[in-house]
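Asker: Residue numbers (this note's numbering), protein chains in the order written: chain A, 1 to 428; chain B, 1 to 369; chain C, 1 to 260.
Calculated directly from the structure, the hints in this document are not laboratory data.
Cβ atoms here follow ideal geometry from the backbone N, Cα and C, with glycine treated the same way.
A couple of the hints might just be wrong.
PhoX-like cross-link-like pairs, simulated, lysine-lysine; straight-line CA separation at most 25 Å [claimed, not checked]:
{"no.": "1", "chain 1": "B", "residue 1": "Lys79", "chain 2": "C", "residue 2": "Lys169"}
{"no.": "2", "chain 1": "B", "residue 1": "Lys317", "chain 2": "C", "residue 2": "Lys169"}
{"no.": "3", "chain 1": "A", "residue 1": "Lys182", "chain 2": "B", "residue 2": "Lys317"}
{"no.": "4", "chain 1": "A", "residue 1": "Lys262", "chain 2": "A", "residue 2": "Lys28"}
Each pair of labels, with its calculated beta carbon distance range [what the hints assert, rightly or not]:
{"no.": "5", "chain 1": "B", "residue 1": "Pro21", "chain 2": "A", "residue 2": "Tyr346", "range": "29 to 37 Å"}
{"no.": "6", "chain 1": "C", "residue 1": "Gly205", "chain 2": "A", "residue 2": "Lys262", "range": "26 to 34 Å"}
{"no.": "7", "chain 1": "B", "residue 1": "Glu360", "chain 2": "A", "residue 2": "Arg96", "range": "33 to 41 Å"}
{"no.": "8", "chain 1": "A", "residue 1": "Ala426", "chain 2": "C", "residue 2": "Arg58", "range": "18 to 26 Å"}
{"no.": "9", "chain 1": "A", "residue 1": "Asp95", "chain 2": "C", "residue 2": "Gly205", "range": "38 to 46 Å"}
{"no.": "10", "chain 1": "C", "residue 1": "Ser170", "chain 2": "B", "residue 2": "Gln307", "range": "34 to 42 Å"}
{"no.": "11", "chain 1": "C", "residue 1": "Phe167", "chain 2": "B", "residue 2": "Arg170", "range": "39 to 47 Å"}
{"no.": "12", "chain 1": "C", "residue 1": "Ser170", "chain 2": "B", "residue 2": "Ala9", "range": "26 to 34 Å"}
{"no.": "13", "chain 1": "B", "residue 1": "Glu178", "chain 2": "C", "residue 2": "Phe167", "range": "56 to 64 Å"}
{"no.": "14", "chain 1": "C", "residue 1": "Ser170", "chain 2": "A", "residue 2": "Gln11", "range": "38 to 46 Å"}
{"no.": "15", "chain 1": "B", "residue 1": "Pro21", "chain 2": "C", "residue 2": "Gly205", "range": "51 to 59 Å"}
{"no.": "16", "chain 1": "B", "residue 1": "Ile349", "chain 2": "C", "residue 2": "Gly205", "range": "29 to 37 Å"}
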Amino acid sequence: MATTRELEGVQPLESMIGKMEKTILGLKSKDVPLSEIAFWEALQGAYKRVHQANLEGQPVVMNGFFVPQELFHAMDIPNLCPENHATFIGQSSQDRIEQLLDPGEGYGLGNEVCSPHRIAVGQATTRQMPRPSFIVSTSTSCDQTLKLYEVLADIYEVPLYTLDSPFIDNEAAVLYAREDIKSLIHFLEEQTGRTLDQSRLREVLKISKATYDYWDKISELRKAVPAPTGGRQSIKDFSILLTCCGQEEGLRYYQARYEELKEKVDKGEGYIPNERHRVAWLYVLPMFDLKIADWMEKEHGAVIVQDSFGYASDDIVLDPADPINYLVKKPLKWAFIRQTYSPNEYSHFAERQAKLCRDYKADVAIVLAHWSCSQYCGTIRLLKEEISAQLGIPFFVLDGDIMDPRVVSSAQMRAKLDEFFAMVEASR
Amino acid sequence: MTPFKQALANRHETVLKYRQPGQKVIGWLCSYFPEEIAYAAGMYPVRLMGGSGETTTADAYLYTNMCSLVRSCLEEGFKGAYSYLDGFVTLNSCDHVRRLYDVWGPSQKTPYTYIIPLPHAISDASLVYFHHEVRQFKESLEAAFGVTITAEALQDAIRVYNKTRTLLGRLNELRKLEEPPITGAEFLEVVLAATTLPREVYNKMLEKFVAEVEARPGIPTDEKVRLLLVGSELDDPAYVQMIEDMGGLVVADDLCTGTKYFWNLAETDGDPLLSLAKRYLTRPECPRMRPARNRLRHLRELIVSHQADAVVMEVIKFCNLYGEDYTIVRNFLRKMDVPLLQLSREYNIGAVGQMRTRVEAFFERIWGA
Amino acid sequence: MIVAGCDIGSRTGKVVLMNDGSVVGLQIVPRSVNFAETAQKVFDAALSQAGLKAEDVRCVVGTGYGKARIPFAQESATEIACQSAGAAWVYPTVRTIIDMGGQDCKVLRTDGRGLVSDFVMNDKCASGTGRFLEDIARILEVGLEEMGPLSLEATDPVSISAQCSVFAKSEVVSLIAERKLVRDILAGIHEAVVRRLVTLVHRLGLEEPVLFSGGVAKNAGLVRRVKDRLGIELVSPSIDPQAIGALGAALLAQKAAAKG
Numbered sequence: 001m002a003t004t005r006e007l008e009g010v011q012p013l014e015s016m017i018g019k020m021e022k023t024i025l026g027l028k029s030k031d032v033p034l035s036e037i038a039f040w041e042a043l044q045g046a047y048k049r050v051h052q053a054n055l056e057g058q059p060v061v062m063n064g065f066f067v068p069q070e071l072f073h074a075m076d077i078p079n080l081c082p083e084n085h086a087t088f089i090g091q092s093s094q095d096r097i098e099q100l101l102d103p104g105e106g107y108g109l110g111n112e113v114c115s116p117h118r119i120a121v122g123q124a125t126t127r128q129m130p131r132p133s134f135i136v137s138t139s140t141s142c143d144q145t146l147k148l149y150e151v152l153a154d155i156y157e158v159p160l161y162t163l164d165s166p167f168i169d170n171e172a173a174v175l176y177a178r179e180d181i182k183s184l185i186h187f188l189e190e191q192t193g194r195t196l197d198q199s200r201l202r203e204v205l206k207i208s209k210a211t212y213d214y215w216d217k218i219s220e221l222r223k224a225v226p227a228p229t230g231g232r233q234s235i236k237d238f239s240i241l242l243t244c245c246g247q248e249e250g251l252r253y254y255q256a257r258y259e260e261l262k263e264k265v266d267k268g269e270g271y272i273p274n275e276r277h278r279v280a281w282l283y284v285l286p287m288f289d290l291k292i293a294d295w296m297e298k299e300h301g302a303v304i305v306q307d308s309f310g311y312a313s314d315d316i317v318l319d320p321a322d323p324i325n326y327l328v329k330k331p332l333k334w335a336f337i338r339q340t341y342s343p344n345e346y347s348h349f350a351e352r353q354a355k356l357c358r359d360y361k362a363d364v365a366i367v368l369a370h371w372s373c374s375q376y377c378g379t380i381r382l383l384k385e386e387i388s389a390q391l392g393i394p395f396f397v398l399d400g401d402i403m404d405p406r407v408v409s410s411a412q413m414r415a416k417l418d419e420f421f422a423m424v425e426a427s428r
Numbered sequence: 001m002t003p004f005k006q007a008l009a010n011r012h013e014t015v016l017k018y019r020q021p022g023q024k025v026i027g028w029l030c031s032y033f034p035e036e037i038a039y040a041a042g043m044y045p046v047r048l049m050g051g052s053g054e055t056t057t058a059d060a061y062l063y064t065n066m067c068s069l070v071r072s073c074l075e076e077g078f079k080g081a082y083s084y085l086d087g088f089v090t091l092n093s094c095d096h097v098r099r100l101y102d103v104w105g106p107s108q109k110t111p112y113t114y115i116i117p118l119p120h121a122i123s124d125a126s127l128v129y130f131h132h133e134v135r136q137f138k139e140s141l142e143a144a145f146g147v148t149i150t151a152e153a154l155q156d157a158i159r160v161y162n163k164t165r166t167l168l169g170r171l172n173e174l175r176k177l178e179e180p181p182i183t184g185a186e187f188l189e190v191v192l193a194a195t196t197l198p199r200e201v202y203n204k205m206l207e208k209f210v211a212e213v214e215a216r217p218g219i220p221t222d223e224k225v226r227l228l229l230v231g232s233e234l235d236d237p238a239y240v241q242m243i244e245d246m247g248g249l250v251v252a253d254d255l256c257t258g259t260k261y262f263w264n265l266a267e268t269d270g271d272p273l274l275s276l277a278k279r280y281l282t283r284p285e286c287p288r289m290r291p292a293r294n295r296l297r298h299l300r301e302l303i304v305s306h307q308a309d310a311v312v313m314e315v316i317k318f319c320n321l322y323g324e325d326y327t328i329v330r331n332f333l334r335k336m337d338v339p340l341l342q343l344s345r346e347y348n349i350g351a352v353g354q355m356r357t358r359v360e361a362f363f364e365r366i367w368g369a
Numbered sequence: 001m002i003v004a005g006c007d008i009g010s011r012t013g014k015v016v017l018m019n020d021g022s023v024v025g026l027q028i029v030p031r032s033v034n035f036a037e038t039a040q041k042v043f044d045a046a047l048s049q050a051g052l053k054a055e056d057v058r059c060v061v062g063t064g065y066g067k068a069r070i071p072f073a074q075e076s077a078t079e080i081a082c083q084s085a086g087a088a089w090v091y092p093t094v095r096t097i098i099d100m101g102g103q104d105c106k107v108l109r110t111d112g113r114g115l116v117s118d119f120v121m122n123d124k125c126a127s128g129t130g131r132f133l134e135d136i137a138r139i140l141e142v143g144l145e146e147m148g149p150l151s152l153e154a155t156d157p158v159s160i161s162a163q164c165s166v167f168a169k170s171e172v173v174s175l176i177a178e179r180k181l182v183r184d185i186l187a188g189i190h191e192a193v194v195r196r197l198v199t200l201v202h203r204l205g206l207e208e209p210v211l212f213s214g215g216v217a218k219n220a221g222l223v224r225r226v227k228d229r230l231g232i233e234l235v236s237p238s239i240d241p242q243a244i245g246a247l248g249a250a251l252l253a254q255k256a257a258a259k260g
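With the hints as extra help, turn the sequences into a complete structure.
Answerer: Printed below as a string of structure tokens:
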């Protein structure tokens, strides 16, 4: 427990919470959509809980993206996702990013390791996050995720539980996954000395389900022409889903977001005035240059109608009446997981991405070939062939990195996108 | 040239020479593959390896930031070197192999492909699950090729493979000696040959060979650095040779192409599929497996029992499982006060200059200490 | 009607002057630090060559890395647009264009009527570029024009394994230390460059006729290897391949001026 060791990450978290407070107050004094304020309040709430627990010597868990955080919420264990946290760092200055990439690499990770992971390790070795009491991770979505949390557990010298995510979700795999969740619950109870209250879990799942239902509805709304929202806003959506799904604040954000988008769609209002290109952005935007989405909108009238992280699998139905099943199936709700962590012949992820393009009436597809994500890059050919065969829309591969600005600069990315959009315009 | 070296030097010819009329050849990648099942079906299991030369076509189907082993395997496929395969089977061992599998099916003409889900954990529950998947694979193979794999055939296969394991185990024991009669390069060559030759042929050669080696004089090691070699898939004995030429002797390894391949026997009683699932799941672990403490404990045992002075970890560029295991192994070995050298490599040995410098400097440090 | 295309790249500046569809001036100069200066210098040289004055030129279109810095250009166009326009003029039914310039390498697919349908660029990595070859020439102390022909005289080509240009350069230094012959090292380097290129081509799929443009297209060693590797013949451009981008820009200038 933290009380026997010097507290870590106190000042950085305090400062972060303070900055968010300023942001919230600033937003409240202006006429901004409710979801913007709700977003920051939800995020701030999550960090406040971690900060408080850290100060009080209460258990804090560090978790991976696809861990069923509802269990933590039901047991009042504040949780911190270092990969999600890294996305905040990724949005700050190049200097700041390098200050964390360098120690991460210096610790012994090569520069081909996923940049958010290098940042997460850099954060750990420079003690900028509260020290966790234990860590919970998953084997999905890739080997790097699998190893990152092992490395963090080794740095912090704390217990680690890794959920063995189903590669193919057949019946036997689901049974195995169910046992795994039960085992995880046992682990959490052992580590905290608390008992998981089933009725509390059901409450949390109810909120979680309501949040997912909004996500589904928002996904539907985003299919509208003109697109009611753009790429940058989508980042906020998944950030909340991954941080506080099962918390009231998370649900408030999603409700506000849904209502705002519904209004736009009912009025037939587009996010940008002159929609010339509907972009399916297959991967995620470069975190160190989210403004590239704004730039594409302004320069080329190109709006990101859907991206890989925002796309929900419509064949996964979550039923809170069976809590264990709910928690097993939850990660599969992300179509992205199917692509990163299942065989194409089983999940048909290339076809699903083509379906994404079709459903959202995308007229171009752009893949950000995240340099430090080899396994995703290995799917690009399959995606291209499927999307070309089914839709024949221009498919562009943009080399880059989501958090390491030194791989491909903002200027270079924009120059290439200029070339691409010029080619598309010329052929129209 | 030993028969093992010969078999490896002309791998494809070896397979075509020994393939029986009508016999199916199953190419496999990753030593978690339960080979006995293919053997019991009367098939000829062959380990997939890459070739020499560049991978320009494969790079366009995968990506240049993927491991050079899988790119090289795919390139061999495009060159037609694997046109004799009737099947290609692998597991979700690592991201790179998974993508190879995704791309192999649509781009190559291999009639049968299968990917066996392998759990990441070693537990009672994961064994139950893996047993299920092993059975699914067996049934798939039966259906695809119109064969029946009986329990007797599986028991027989287990006996044959256990024989290999026992023999290779005996050979490995000799490496514990003060003066081992076999180099690391030669040892790797012998183990690799098992994955290219038909098993009965190989077992005969091996039996003879082990007796020969047991009678050999040992190699003095007081002037050499006794090494434990670990790391990514390594199927090039010349790489080990280079390290040994610089003053080392690889007396132990934890390679999937080395001791991991034969370490533990499969049980001969009970349900053979369960026995196979258990044997493969619980063999010395890949860094993809949890919990890691078994793996680290095994490394310590190897170091102590083979009296290794130091550890060399070779990592193929972009290999995530070993690349990101480095800091964990390093921290563990530090506590044991055992020196560790990490070497980055490509699948095909290229420029040796950098590697030579690092190995020499590493040995100097150890001799100095 | 006289028009001009001005392509300011990372290593050189190029201008092509056209008069009613014929090329009347073509100049290539090394880049000075200042893009604007380079542009002016090459423009003046071309005008002088054609016996014309700046006022005679109805429209100038700029392209290339430094396109925003050309003071006398009325418009600018993307490199892709200029490459495809230029290539189509040189060979109307061209389907694939391989453009290797100073700091990037592009492969374009066109529909055979001048319209680009797909492209792939590799500028993240330097080892498929003119700049890389220049650096190697310097390390081996050979002239840029000699490297290609010399590479074809290799008797025992070395194999360069490094994928990255930084490592390739240090690999070359160790090869020199190992007393490998310059021509054998050059052969290895040229092989490595062509490897990168061939992968790009495979990503798009190859379709003939194929045109090789850009400064590096003048390297006989690369041209030979590209032909051998891909098993194709290459279109022989009737103008300096390095000027195809500028030519395309001039054609676009013609179109723009005709519109008024």
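Asker: Compare the distance between the alpha carbons of Lys182/A and Lys317/B with 25 Å, and conclude whether the hinted pair is satisfied.
Answerer: Status violated; Cα separation ~38 Å.
Asker: May I ask you to test the hint 56 to 64 Å on the CB atoms belonging to Glu178/B and Phe167/C?
Answerer: 40 Å, violated
Asker: Between the beta carbons of Ile349/B and Gly205/C, is the distance compatible with 29 to 37 Å?
Answerer: At 32 Å between Cβs, range holds.
Asker: A range of 29 to 37 Å was offered for this pair. Does it hold for the Cβ distance of Pro21/B and Tyr346/A?
Answerer: 35 Å, holds
Asker: Within 26 to 34 Å or not, the Cβ separation of Gly205/C and Lys262/A?
Answerer: For Lys262/A against Gly205/C, whose Cβ atoms are near 44 Å apart, the range 26 to 34 Å is violated.
Asker: Does 34 to 42 Å hold as the CB distance between Ser170/C and Gln307/B, or does it fail?
Answerer: 37 Å, holds
Asker: Look at the Cβ atoms of Ala426/A and Arg58/C and judge whether their distance stays inside 18 to 26 Å.
Answerer: 23 Å, holds
Asker: Within 26 to 34 Å or not, the Cβ separation of Ser170/C and Ala9/B?
Answerer: This hint holds: roughly 31 Å between Cβ atoms.
Asker: Do the Cβ positions of Pro21/B and Gly205/C conform to the proposed distance bound of 51 to 59 Å?
Answerer: 39 Å, violated
Asker: At the C-beta level, are Ser170/C and Gln11/A separated by a distance inside 38 to 46 Å?
Answerer: About 43 Å separates the Cβ atoms of Ser170/C and Gln11/A, which means 38 to 46 Å holds.
Asker: Is it true that the CA of Lys317/B sits at most 25 Å from the CA of Lys169/C?
Answerer: 19 Å, holds
Asker: How does the Cβ-Cβ distance of Glu360/B and Arg96/A compare with 33 to 41 Å: does it lie in that range?
Answerer: 40 Å, holds
Hint compliance for this structure: hints 1, 3, 6, 13 and 15 are broken, all remaining hints hold.
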